[in-house]
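Colleague: Chains as they are written, first to last, in our numbering: chain A, 1 to 292; chain B, 1001 to 1292; chain C, 2001 to 2292; chain D, 3001 to 3292.
Derived by calculation from the structure, the hints in this document are not laboratory data. A portion of the hints provided could be inaccurate.
Stated by the list, open to error - Keeping only pairs whose Cα atoms sit at most 27 Å apart, straight-line, the calculated DSS-like set for lysine-lysine is:
1. D/K3250 x C/K2037
2. C/K2285 x D/K3116
3. D/K3006 x A/K98
4. D/K3285 x A/K142
5. B/K1037 x C/K2098
6. D/K3142 x A/K286
7. C/K2256 x D/K3193
8. C/K2286 x B/K1139
9. B/K1200 x B/K1014
10. C/K2221 x D/K3247
11. D/K3116 x C/K2281
12. D/K3097 x A/K98
13. C/K2112 x D/K3281
14. D/K3142 x B/K1116
15. B/K1112 x A/K281
16. C/K2112 x C/K2200
17. C/K2142 x B/K1281
18. A/K193 x A/K221
19. B/K1112 x D/K3139
20. C/K2037 x B/K1097
21. C/K2116 x A/K98
22. D/K3098 x B/K1098
23. B/K1124 x A/K281
24. B/K1139 x D/K3112
25. D/K3286 x C/K2124
26. B/K1097 x B/K1116
27. C/K2148 x B/K1285
28. A/K285 x B/K1112
29. D/K3286 x A/K139
Unchecked claim - FRET-style restraints, in silico, Cβ to Cβ:
30. B/K1250 x D/W3163: 52 to 60 Å
31. C/G2179 x B/P1290: 18 to 26 Å
32. C/K2200 x D/E3262: 24 to 32 Å
33. C/D2002 x A/K148: 52 to 60 Å
34. A/K200 x B/I1259: 19 to 27 Å
What the hints assert, rightly or not - If the Cβ cut is set under 7 Å, some of the chain C residues that face chain B in the computed set are:
35. F2089
36. Q2101
37. N2132
38. E2133
39. G2136
40. A2140
Fair warning: this is a prediction, and the values are worked out from it, not measured in the lab. Cβ coordinates follow ideal geometry from the N, Cα and C atoms, glycine included.
Number of protein chains: 4
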Amino acid sequence: MDKAAKLRQLIDSKNLEFIMEAHNGLSAKIVEETGFKGIWASGVSISAALGVRDNNEASWTQVLDVLEFMSDATTIPILLDGDTGYGNFNNARRLVKKLEQRNIAGVCIEDKLFPKTNSFINSKTQQLADINEFCGKLKAMKDTQNNKDFIVVARVEAFIAGWGLKEALHRAEAYHQAGADAILIHSMRSDTKEIELFMKEWSDRHPIVIVPTKYYSTPTKRFHELGISLAIWANHNLRTSINAMQKISKQIYEDKSLIHVERNVVTIEEVFRLQEVEELKEAEKKYLPPQE
Amino acid sequence: MDKAAKLRQLIDSKNLEFIMEAHNGLSAKIVEETGFKGIWASGVSISAALGVRDNNEASWTQVLDVLEFMSDATTIPILLDGDTGYGNFNNARRLVKKLEQRNIAGVCIEDKLFPKTNSFINSKTQQLADINEFCGKLKAMKDTQNNKDFIVVARVEAFIAGWGLKEALHRAEAYHQAGADAILIHSMRSDTKEIELFMKEWSDRHPIVIVPTKYYSTPTKRFHELGISLAIWANHNLRTSINAMQKISKQIYEDKSLIHVERNVVTIEEVFRLQEVEELKEAEKKYLPPQE
Amino acid sequence: MDKAAKLRQLIDSKNLEFIMEAHNGLSAKIVEETGFKGIWASGVSISAALGVRDNNEASWTQVLDVLEFMSDATTIPILLDGDTGYGNFNNARRLVKKLEQRNIAGVCIEDKLFPKTNSFINSKTQQLADINEFCGKLKAMKDTQNNKDFIVVARVEAFIAGWGLKEALHRAEAYHQAGADAILIHSMRSDTKEIELFMKEWSDRHPIVIVPTKYYSTPTKRFHELGISLAIWANHNLRTSINAMQKISKQIYEDKSLIHVERNVVTIEEVFRLQEVEELKEAEKKYLPPQE
Amino acid sequence: MDKAAKLRQLIDSKNLEFIMEAHNGLSAKIVEETGFKGIWASGVSISAALGVRDNNEASWTQVLDVLEFMSDATTIPILLDGDTGYGNFNNARRLVKKLEQRNIAGVCIEDKLFPKTNSFINSKTQQLADINEFCGKLKAMKDTQNNKDFIVVARVEAFIAGWGLKEALHRAEAYHQAGADAILIHSMRSDTKEIELFMKEWSDRHPIVIVPTKYYSTPTKRFHELGISLAIWANHNLRTSINAMQKISKQIYEDKSLIHVERNVVTIEEVFRLQEVEELKEAEKKYLPPQE
Chain A
1 MDKAAKLRQL IDSKNLEFIM EAHNGLSAKI VEETGFKGIW ASGVSISAAL GVRDNNEASW
61 TQVLDVLEFM SDATTIPILL DGDTGYGNFN NARRLVKKLE QRNIAGVCIE DKLFPKTNSF
121 INSKTQQLAD INEFCGKLKA MKDTQNNKDF IVVARVEAFI AGWGLKEALH RAEAYHQAGA
181 DAILIHSMRS DTKEIELFMK EWSDRHPIVI VPTKYYSTPT KRFHELGISL AIWANHNLRT
241 SINAMQKISK QIYEDKSLIH VERNVVTIEE VFRLQEVEEL KEAEKKYLPP QE
Chain B
1001 MDKAAKLRQL IDSKNLEFIM EAHNGLSAKI VEETGFKGIW ASGVSISAAL GVRDNNEASW
1061 TQVLDVLEFM SDATTIPILL DGDTGYGNFN NARRLVKKLE QRNIAGVCIE DKLFPKTNSF
1121 INSKTQQLAD INEFCGKLKA MKDTQNNKDF IVVARVEAFI AGWGLKEALH RAEAYHQAGA
1181 DAILIHSMRS DTKEIELFMK EWSDRHPIVI VPTKYYSTPT KRFHELGISL AIWANHNLRT
1241 SINAMQKISK QIYEDKSLIH VERNVVTIEE VFRLQEVEEL KEAEKKYLPP QE
Chain C
2001 MDKAAKLRQL IDSKNLEFIM EAHNGLSAKI VEETGFKGIW ASGVSISAAL GVRDNNEASW
2061 TQVLDVLEFM SDATTIPILL DGDTGYGNFN NARRLVKKLE QRNIAGVCIE DKLFPKTNSF
2121 INSKTQQLAD INEFCGKLKA MKDTQNNKDF IVVARVEAFI AGWGLKEALH RAEAYHQAGA
2181 DAILIHSMRS DTKEIELFMK EWSDRHPIVI VPTKYYSTPT KRFHELGISL AIWANHNLRT
2241 SINAMQKISK QIYEDKSLIH VERNVVTIEE VFRLQEVEEL KEAEKKYLPP QE
Chain D
3001 MDKAAKLRQL IDSKNLEFIM EAHNGLSAKI VEETGFKGIW ASGVSISAAL GVRDNNEASW
3061 TQVLDVLEFM SDATTIPILL DGDTGYGNFN NARRLVKKLE QRNIAGVCIE DKLFPKTNSF
3121 INSKTQQLAD INEFCGKLKA MKDTQNNKDF IVVARVEAFI AGWGLKEALH RAEAYHQAGA
3181 DAILIHSMRS DTKEIELFMK EWSDRHPIVI VPTKYYSTPT KRFHELGISL AIWANHNLRT
3241 SINAMQKISK QIYEDKSLIH VERNVVTIEE VFRLQEVEEL KEAEKKYLPP QE
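So here's chain A without its partners, still in its complex pose (with noise of 0.2 Å):
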């Protein structure tokens, strides 16, 4: 099965199904020893790992060389957060050949205006796409892919941007019948009200994903009851590795010495363990010649 058809599967279950996110090839592949059985891309973790912001300061080829080496590190699908397609139609469809060509299995695009800003910044002064806009972009991408189960997930940003339930409930309908495979509903909210609203009027009519960041202290058993398919825990990984970065550079620097951090921290062979560096002794044994 390939990468876009373990995505598929992932998000048509009736499963409440999780994918973790990552932001360079190395935490793509921690996520997937850990068990996961996808990785989300975060727009916001891939560009404040590269150093800029998230809006738009990296272009997209840019994120695709990061995605290039995630997708080349692992074998569990990758959905991208692909902000808003990074322009109008034309620019989502040309995202999808290439994305395809990478073995990205799918793309979330969301209804706001490039270039974008983070959902949790500025959030009511966030101006949404015109809707039939959004829908020929839509529409524009899934009849580009070329492999049939290729996901392209519709995020509605009604709630971050104070439009409420039926302006929600009306863009993630259009949504769906423009071809969306599943509807992200965002809420910056810190418990599930608008989500549980949204879910109670959908019913079961298309697969919902959630990124709960913000009502994280929800108990999991909750998105069960209300049907959610996918749950992405959407950037943990580069926040923990920044507490631990800035704790270890701290010490470091305040000690002058790797003498209290080496227990704390994992060791080199097991960095060149993650870089598969018994695969390539293999192959020079087998490719190159014997030294004299």
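Starting from the known structure of chain A, fit chains B, C and D onto it as the hints suggest.
Modeller: Frame of chain A; chains B, C and D shown alone:
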């Protein structure tokens, strides 16, 4: 003072100075915020973060792209772990031009063959570069730089490859004569025996750089006494982030929930702070027309 | 004098000056060898050479990669045809930083929406940028540049989009006030009627740039009389190379032989000369150990 | 039939077939439109077009970026002039993966050392690769490919480096045994003496590829008689475009006008046609909401 001048000052100062590893824009910024005066753009860390091996699997321009993000995100100097210079003298001098354009303060090249293998892997079978060839490379690099302060460090791998003190000294002196601004003497012993032997003979002819990854338990006082100019904490941000990501991925995978992890990660607002979201908000007030 | 200062001189001089299109390192070098004082890095030519459309299908960093090769291969200033700045003011100011790093002398942005369409296609349905938004973008770019001589040209598309003289003058003056170093007044008529009307009103408030692609038959003397500062020969290296490649491919395909084409192509030695093979031969003598 | 299968067919057919050089998306498209069945992605042409030397000055991923545009713009197979594989067997097998992702049909590697020098420069001092090392590289590449039809051509430089027939045959047979799908036998003589000697001994053991750049005046009939499988017209689109650009730049520079050149260049509409502007116009009707 520009970045190259700052790095030159670190290397030429009579004090023992320290620089800390980073592997992307984010970790570079953390190193700077911590207070370090310089950044080591580590080859093993950059390759591992990308998801490939430390064997020149990433192309030199892919490394350059990483460096550009690192340099743009920081104001302290970056010293690149430049492997063998990615080819012969012509590739190495081209590298110098590209590094200067991206405001990288210096580069360290090692006397091995392209494609290189990490010094801690298969060390005893690693082949060293021809001394004359390597000196020509150093000369070409020094002749190419525009900024008089750009730093070229020559890394001596004689101990790593099992050639002993005499070869190490011979090469160090040759590279010094060829124009290297400092000598990095590398050792994979868990003690400083090789370093001590070397420093005793070398005296203070020219600045010496060390990488105490394997002899991490040596008290820093000893490096002072030996007359070392610069110590590189070479891969610890990477190694702590692996540790942290493996743990949090495991916990979230097992918990199927974020409840227990929120306190162990930085807030999303801290991510935004590192991305300098505030600067953009101010700029939007200045450059965007008011929204109706 | 650096490249930006050279471009500023061309624009500020009282004479009519000319720059010529290039689309890669090779054509840039040919433009310089011919004697031109500057290079127009044309959007339509670069996109066509890459094999994509002039609709921001290539990412802005892919364009940047082309520019870097062009800049490295030449010593005369390059003015980039920078479309709309590839997004909002934040993308545009980021572009300025990246251009300065690559020693590009200036950029021209046009008052349309991202993603742009070539001005000669669907011209009458093209939407213009909001004037205030575009002025904010210009200000942000001018505030960002490090080199005081870096040039920002504002391209007025009012005639192209069918808005007429009044709108063109209104926009030109607003962009001038916002800090643009020159105004490019674009016209797709086969005569200079629009340009003449504009220049009559504009007088010599500020330097004016033109692109006579469509009114190519106008004698250059007329541009002098009108007080134009800079004329751009905007896409002719591309268009002649297409002509030449179509012809030679056809002939070789039909002949199944090279016999009849050798005299119509430059020698392989001329290719080597343009690649500066001699410089490398000299450098090899200097930096490579003698071969036994 | 996919692109690799098409290339395999060209190489395995009993007829003498021809492929034509291209160096970017545009020239690739022109080659296809002309009727050729395949494209030679020439190392010297790609490097010259970029503005650098044919000495691995462009990184292998920069070459890959060029190839991706070429592949996306065409439907006929592309055979890459892959120099030495850009390093050892590990770099070469990594290259194969990347080429397959970008739908490149095959790659030719030559038995020289990295960084390479163009075969027509300093030919007699060029060093050949160790045979065993090169055979290991070929094996690694063949073991890596996913698509059974992906082509690896082994280029024998023995004649170029002055080693003569015996060495050429010895190497050709070794590479054939190692799994190469075809042998490219290279010669820089202005006649076919070396090629004839080789073919007489080689008989029809395995498909032979030639590059008649230097012996261009040989009638193609002779290649038929010798049993050649594939002839590569290796750099003529580049060489004619240089000729054309030098002439038109000179004329425009001297005339300070476009008046005399318009008839010698393709129209801007022909540029748009090559960029497939019409497809986008149709797509806009389909996917963009109607403008009010």
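Colleague: Now tell me, hint by hint, if it's right for this structure.
Modeller: Going down the list of hints, with the structure as the test:
1. For the given pair, D/K3250 sits about 13 Å from C/K2037 by alpha-carbon distance, which is consistent with the 27 Å threshold.
2. A threshold of 27 Å between alpha carbons decides the hint, and for C/K2285 with D/K3116 the separation of about 16 Å falls inside it, so the pair holds.
3. Proximity of D/K3006 to A/K98 is assessed by CA-CA distance (about 23 Å); at most 27 Å being required, the pair is judged to hold.
4. Restraint check for D/K3285 and A/K142: the C-alpha separation of about 16 Å stays at or below 27 Å, so the hint holds.
5. This hinted pair checks out: B/K1037 and C/K2098 have alpha carbons roughly 25 Å apart, not beyond 27 Å.
6. Taken as a hint, the D/K3142 and A/K286 pair is honoured in the structure, with Cα atoms around 13 Å apart against an allowance of 27 Å.
7. For the suggested pair C/K2256 and D/K3193, the alpha carbons sit about 21 Å apart, so the restraint of at most 27 Å is met.
8. About 9 Å separates the Cα atoms of C/K2286 and B/K1139, which keeps this hinted pair within 27 Å; it holds.
9. With a CA separation close to 17 Å, the supplied pair B/K1200 and B/K1014 stays within the 27 Å bound.
10. Pair hint C/K2221 plus D/K3247 holds up; C-alpha atoms about 23 Å apart against a cutoff of 27 Å.
11. Restraint check for D/K3116 and C/K2281: satisfied, since their Cα atoms lie roughly 13 Å apart, inside the 27 Å limit.
12. Only pairs whose Cα atoms come within 27 Å are accepted, and D/K3097 paired with A/K98 is accepted, the gap being roughly 16 Å.
13. Annotation: proposed proximity of C/K2112 to D/K3281 holds, straight-line Cα distance about 18 Å (limit 27 Å).
14. Taking the CA atoms of D/K3142 and B/K1116, the gap is near 23 Å; set against the 27 Å cutoff, the hint holds.
15. For the suggested pair B/K1112 and A/K281, the alpha carbons sit about 18 Å apart, so the restraint of at most 27 Å is met.
16. With a CA separation close to 25 Å, the supplied pair C/K2112 and C/K2200 stays within the 27 Å bound.
17. This hinted pair checks out: C/K2142 and B/K1281 have alpha carbons roughly 19 Å apart, not beyond 27 Å.
18. For a cut-off of 27 Å, the pair hint linking A/K193 to A/K221 stands: about 15 Å separates their Cα positions.
19. Taken as a hint, the B/K1112 and D/K3139 pair is honoured in the structure, with Cα atoms around 25 Å apart against an allowance of 27 Å.
20. The hinted pair formed by C/K2037 and B/K1097 meets the criterion: a straight-line CA distance of about 24 Å does not exceed 27 Å.
21. Distance hint between C/K2116 and A/K98 is fulfilled; the C-alpha atoms sit about 21 Å from each other, no more than 27 Å.
22. For the suggested pair D/K3098 and B/K1098, the alpha carbons sit about 24 Å apart, so the restraint of at most 27 Å is met.
23. Restraint check: the Cα-Cα separation between B/K1124 and A/K281 comes to about 14 Å, which is no more than 27 Å; the hinted pair holds.
24. At most 27 Å may separate the alpha-carbon atoms for a hinted pair to count; B/K1139 and D/K3112 meet this at roughly 25 Å.
25. For the proposed pair D/K3286 and C/K2124, the alpha carbon gap of about 19 Å is at most 27 Å, so the pair holds.
26. Restraint check for B/K1097 and B/K1116: satisfied, since their Cα atoms lie roughly 22 Å apart, inside the 27 Å limit.
27. Between C/K2148 and B/K1285 the CA atoms are separated by roughly 24 Å; this keeps the pair inside 27 Å, and the hint holds.
28. At most 27 Å may separate the alpha-carbon atoms for a hinted pair to count; A/K285 and B/K1112 meet this at roughly 20 Å.
29. A distance of roughly 9 Å separates the Cα atoms of D/K3286 and A/K139; the hinted pair therefore holds under the 27 Å criterion.
30. The hinted window of 52 to 60 Å between B/K1250 and D/W3163 holds, with their beta carbons roughly 58 Å apart.
31. Range check, C/G2179 to B/P1290: Cβ separation about 20 Å, and the 18 to 26 Å hint holds.
32. Checking the proposed 24 to 32 Å range against C/K2200 and D/E3262 shows it holds: the Cβ atoms sit about 27 Å from each other.
33. At about 55 Å, the CB distance of C/D2002 to A/K148 agrees with the hint of 52 to 60 Å.
34. Take A/K200 and B/I1259: their Cβ atoms lie about 24 Å apart, and the range 19 to 27 Å holds.
35. The interface hint given for C/F2089 is met, as the beta carbon of that residue sits about 4 Å from the closest beta carbon of chain B, less than 7 Å.
36. With its C-beta approaching chain B no nearer than about 6 Å, C/Q2101 sits inside the 7 Å limit, and its interface hint holds.
37. Using the Cβ-Cβ criterion of 7 Å, the hint placing C/N2132 at the interface with chain B is satisfied: the shortest such distance is roughly 4 Å.
38. Among the interface hints, the one on C/E2133 holds; its C-beta lies about 5 Å from the nearest C-beta in chain B, closer than the 7 Å criterion.
39. A hinted interface residue such as C/G2136 counts as satisfied when its beta carbon comes closer than 7 Å to some beta carbon of chain B; here the least separation is about 4 Å, so the hint holds.
40. A cut of 7 Å between beta carbons decides the hint on C/A2140: the least distance to chain B is about 4 Å, and the hint holds.
When each numbered hint is compared with the structure, no violation occurs for any of them.
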